[in-house]
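Enquirer: Per my numbering, residue 63 is the first one in the sequence shown, and the count goes up by one each step.
No lab work stands behind these hints: they were computed from the structure.
Please note: incorrect hints may appear among the correct ones.
[Claimed, not checked] Below, in silico cross-link-like pairs of lysine-lysine (DSS-like), each with a Cα-Cα straight-line distance of 27 Å or less: (1) K308 / K157; (2) K255 / K175; (3) K129 / K175; (4) K157 / K240.
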Amino acid sequence: MPPEWSRHAATQLHWPSNRETWPGERLERVEEVYCRIIEELHFFEPIHLFVESLEIRNRVMQKLSLKAVDLDRIIIHQRKINDVWARDCGPIFVKTEEGFAITDWGYNAWGEKYPPWEDDNSLPQYIANKFSIDRIVPEMILEGGSIDVNGDGALLTTESVLLNENRNPNLSKEEIEKRLQRYLGVEQIIWLKRGLAGDDTDGHIDDITRFLNKDTVMTMVCDDENDVNFDSLQENLEILRSVTLKNGKPLNIETLPLPQTKIEGTTVDGSEYVPASYANFYIANGVVLVPT
């Protein structure tokens, strides 16, 4: 599996339309964020944009036509989707002797939390068929946001996600490791404990710790000992400090401060915390998009 900073042909995005995820005026706010993402990203690479219906397609094109967007760089796929989480449910590409292939891991909306998810789960097969790409099915639930690789044999993940019974209750830790090694071509799996409070994914790695290059990680830290995330982030930091890479050297560790995660009121799931983080960035061809 190549690292995120490898050059790639395009980016896959899903236009937000799920009213349960984005109730009330939140939908309009997140649509504007997606316009900004597309506006910044499309200069560097084409975007494959999945939309739920013809009505939404027309809405999207109208919105983008008012922005500084070259519509020829936007490839629209009008197809049923359940939500916006393209990194989690989309295909995970790997290099093969013949070129590359899609690994089609199962997706169940973070442990069957948000039905339906079947349309998103079938996206890797749809993309493989549409573009005539070889598809490999490891027979295991795995979201793209739950792993991060350095392209040199190492993979980061969290126990709170991959060992959660709501994903793969019939697989042991050893069996999960073997599938990651076999299908993603990794040798070393670095297990952190858990992610941020309020993260309904159960603690995705892409929200706390990321590879910056093959020897360096960036990880979120918290200086407030009274913060709900202090202990878990400190524990993860100590694990990272104990890691030795296959070249015999320790990880280079860069840290970033955790932003405010406690909110006024609650989320749609009733939590008073949100998994706010600078780590959930996206590396494209020539640009890095960072949440602020």
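Enquirer: Does each hint hold? Answer for all of them.
Expert: Taking the hints in turn, this is what the structure says about them:
1. K308 / K157: 20 Å, holds
2. K255 / K175: Roughly 21 Å between the alpha carbons, so the hint for K255 and K175 holds.
3. K129 / K175: 35 Å, violated
4. K157 / K240: 18 Å, holds
In summary, the one numbered hint that this structure violates is 3.
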